[in-house]
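Chains as they are written, first to last, in full-length UniProt numbering: chain L, 1 to 432; chain S, 1 to 276.
Because the hints were derived from the structure by calculation, they are not lab data. It should be emphasised that the depicted structure is a prediction, and the values quoted were computed from it without experimental measurement. Cβ coordinates follow ideal geometry from the N, Cα and C atoms, glycine included. A couple of the hints might just be wrong.
[As the list claims (entries may be wrong)] Okay, the calculated bits of chain L under chain S, using three or more residues with CB under 8 angstroms as the criterion:
1. 16-22
2. 85-95
3. 232-241
4. 244-256
5. 405-415
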Amino acid sequence: MSSDHSTYQPTSGFGKWIDSRLPLPRMVHDSFVSYPVPRNLNYAYTFGGILMVMLVVQLLTGIVLAMHYAADTAIAFQSVEKIMRDVNSGWLLRYMHANGASFFFVAVYIHIARGMYYGSYKAPREVLWILGVVILLLMMATAFMGYVLPWGQMSFWGATVITGFFTAFPGIGEPIQQLLLGGFAVDNPTLNRFFSLHYLLPFMITGVVILHVWALHVTGQTNPTGVEVKSKTDTVPFTPYATVKDALALSIFLLVFAYFIFFMPNFLGHADNYIPADPLKTPAHIVPEWYFLPFYAILRAITFDIGPIDSKLGGVLAMFGSIAVLFVLPWLDTSKVRSAVYRPWYKLFFWLFVANAIFLGWLGAKPAEGIYTPLAQISTLYYFAFFLVILPVLGLIETPKRLPNSITEAVLAKKAGNGGAAPAAASPETRG
Amino acid sequence: MKKLLASIVPAAMALVIGAGSAFAAGYPINKPREIDWSFAGPFGTFDKGQLQRGLKVYVEACSACHSMNLVAFRTLEDLGYSEDQLKALAANYEVEDGPNGEGEMFTRTAVLSDHFPSPFPNQEAAAYANNGAAPPDFSLLAKARYVERGFPQFVFDIFTGYNESGPNYIYSLLTGYQEPPAGVEVPDGAHYNPYFIAGSALAMAQPIYDEQVAYDDGSPETVDQYAKDVSAFLMWAAEPHMEERKQTGFMVIIFLAIFASLLFLTKKSVFASKEH
Numbered sequence: 001m002s003s004d005h006s007t008y009q010p011t012s013g014f015g016k017w018i019d020s021r022l023p024l025p026r027m028v029h030d031s032f033v034s035y036p037v038p039r040n041l042n043y044a045y046t047f048g049g050i051l052m053v054m055l056v057v058q059l060l061t062g063i064v065l066a067m068h069y070a071a072d073t074a075i076a077f078q079s080v081e082k083i084m085r086d087v088n089s090g091w092l093l094r095y096m097h098a099n100g101a102s103f104f105f106v107a108v109y110i111h112i113a114r115g116m117y118y119g120s121y122k123a124p125r126e127v128l129w130i131l132g133v134v135i136l137l138l139m140m141a142t143a144f145m146g147y148v149l150p151w152g153q154m155s156f157w158g159a160t161v162i163t164g165f166f167t168a169f170p171g172i173g174e175p176i177q178q179l180l181l182g183g184f185a186v187d188n189p190t191l192n193r194f195f196s197l198h199y200l201l202p203f204m205i206t207g208v209v210i211l212h213v214w215a216l217h218v219t220g221q222t223n224p225t226g227v228e229v230k231s232k233t234d235t236v237p238f239t240p241y242a243t244v245k246d247a248l249a250l251s252i253f254l255l256v257f258a259y260f261i262f263f264m265p266n267f268l269g270h271a272d273n274y275i276p277a278d279p280l281k282t283p284a285h286i287v288p289e290w291y292f293l294p295f296y297a298i299l300r301a302i303t304f305d306i307g308p309i310d311s312k313l314g315g316v317l318a319m320f321g322s323i324a325v326l327f328v329l330p331w332l333d334t335s336k337v338r339s340a341v342y343r344p345w346y347k348l349f350f351w352l353f354v355a356n357a358i359f360l361g362w363l364g365a366k367p368a369e370g371i372y373t374p375l376a377q378i379s380t381l382y383y384f385a386f387f388l389v390i391l392p393v394l395g396l397i398e399t400p401k402r403l404p405n406s407i408t409e410a411v412l413a414k415k416a417g418n419g420g421a422a423p424a425a426a427s428p429e430t431r432g
Numbered sequence: 001m002k003k004l005l006a007s008i009v010p011a012a013m014a015l016v017i018g019a020g021s022a023f024a025a026g027y028p029i030n031k032p033r034e035i036d037w038s039f040a041g042p043f044g045t046f047d048k049g050q051l052q053r054g055l056k057v058y059v060e061a062c063s064a065c066h067s068m069n070l071v072a073f074r075t076l077e078d079l080g081y082s083e084d085q086l087k088a089l090a091a092n093y094e095v096e097d098g099p100n101g102e103g104e105m106f107t108r109t110a111v112l113s114d115h116f117p118s119p120f121p122n123q124e125a126a127a128y129a130n131n132g133a134a135p136p137d138f139s140l141l142a143k144a145r146y147v148e149r150g151f152p153q154f155v156f157d158i159f160t161g162y163n164e165s166g167p168n169y170i171y172s173l174l175t176g177y178q179e180p181p182a183g184v185e186v187p188d189g190a191h192y193n194p195y196f197i198a199g200s201a202l203a204m205a206q207p208i209y210d211e212q213v214a215y216d217d218g219s220p221e222t223v224d225q226y227a228k229d230v231s232a233f234l235m236w237a238a239e240p241h242m243e244e245r246k247q248t249g250f251m252v253i254i255f256l257a258i259f260a261s262l263l264f265l266t267k268k269s270v271f272a273s274k275e276h
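Next up, chain L with everything else stripped away, as it sits in the complex (with noise of 0.2 angstroms):
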């Protein structure tokens, strides 16, 4: 995997005289062409790669909206609809960006939820995975100052009302919310800072993404069995097989958001954030992006004080505990088996864990009143209980079923028909 194994050949002359300087050839050609995967990737594994092009593309096509966004309260609405009505092809850089925001988290959040099912996170993954929660934080930074910048309805209060998370910290609350916004209310400067902020966080996201790919290739890949590779069968060389496979899959994810590009572009975005942003006339509904809704519903389901900790301060630290939480997962979960599919009761909590997730989002839409608030806070138990308690306790008492001795064992076991991803207990040890 390291330089140590290559089998990089330089045939030209420039070639070989540049690998003798800087090797950077072969760098590229022992990471993505001689590179060896586990030849049992399915289709889960292939989001890593399709994540790496929807950063391109958000990076691209926010450069050159920055070329003719203006950030100034007085006319930041109004140069978003010049780019969207008079710049060459402004309204499908435009749709493109707002809505790779959110093909951006669908990726992000399969490709997480691949790294929880498969268990990823394991040992020697630790770095790996918390470098990957760290992206996630970048994100979720950068999608917010994003979406302020159009100073539409929803820019304005969505802002107002997440710096204004801050004030719930006693003492130092407030001094971070004025330097967040650069005065006491979100205003010009608040736009101006964003503005810097969203154009910086992305290239902080690229250098993460680098250690990532950096300690992904140290460790090499998990796989759905969860065995790591053991011999040179196990294996397939990242060119032809995981570059086509990433490649169909890249093809068929572009095909969804070309989907919604051309033919839904405003159904992810609030109808509200094409009015512009007015300081006196709060909307009926303050509600975040899509991506951001279960923790949202984290947030408001904490309606009681708990000892010192009144409910503001509380919701806001769930809040952020509930991405925090996620940092420390490799140490929760204390079985030894890392894939789901050896073991029956993760795989239920496991699922269970998306339903909910995905119910939070839907709370996290809905006002936080009547029914919804005690939904919000059995599903907000369940998120939390999930990594606290589950995951330890999973792991001490529950019986996996049988591993399979190697990743080949397990693919020609389930080439000779027993149709299961669980090899038989007596599937002979064959040829690779």
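For this one, chain L is given, so just place chain S on it according to the hints.
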């Protein structure tokens, strides 16, 4: 903040005059009626005749109160008008320009590059003249109004490609004025309309009546037809590149579908010799 300080007019909040708070669920009382628009669906296009009639309704009935300040006269070429026709239309409007060489602002006749001028000098004047509720700008209205569809309808909407919430809402509001039912109290200066998105009554009185605008193409001169035409026109005003978008999208989808099919075959042949 200037804006905030200048417009302390409490009335800015008074768009909703109805007794109910905007937070209360249940508005609009009636779901918008759904019209079969020519521009709906993946291949939908604008009906130019309808857009021209809609423009006429806007100019003659709406523009006295509602601005449309993001729409330039030149863009009305999309509606099928010639440059000369548009110059003549623009010449009906006066816009402020300047300062001139002497430092004075002056008014001049509008030209093609000008946008529709606002009927009021500023938001405050607009609110003051309209019972406290400034009439909203029309440029983006058709994309700025969305009545919640609820679960699971909003999921189905992805597959049916439902993007016509805005024009359906505008049409329903314009045709929805009626006497309040017994027991419903409507405050002074408000007008009952069960299709209004944020209350039971709104500050705007019924803005258009039968035979108010003359059509020269034989279309019925009814509130119903006026409402349809102006809603279609507002959809165009909010999304002038819609047809281009759908045409481009069709080609993109065809390309990606072929590309994905070829990749699928490639993938099959690459993996044919390898169990996975």
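Results of checking the hints against the structure:
1. 16-22: violated (count 0)
2. 85-95: With 4 residues close enough to chain S, the hint holds.
3. 232-241: With 3 residues in contact (Cβ-Cβ under 8 angstroms with chain S), the coverage given for the region 232-241 of chain L holds.
4. 244-256: holds (count 8)
5. 405-415: It holds: at least three residues are needed, and the region 405-415 of chain L offers 4 whose Cβ sits within less than 8 angstroms of chain S.
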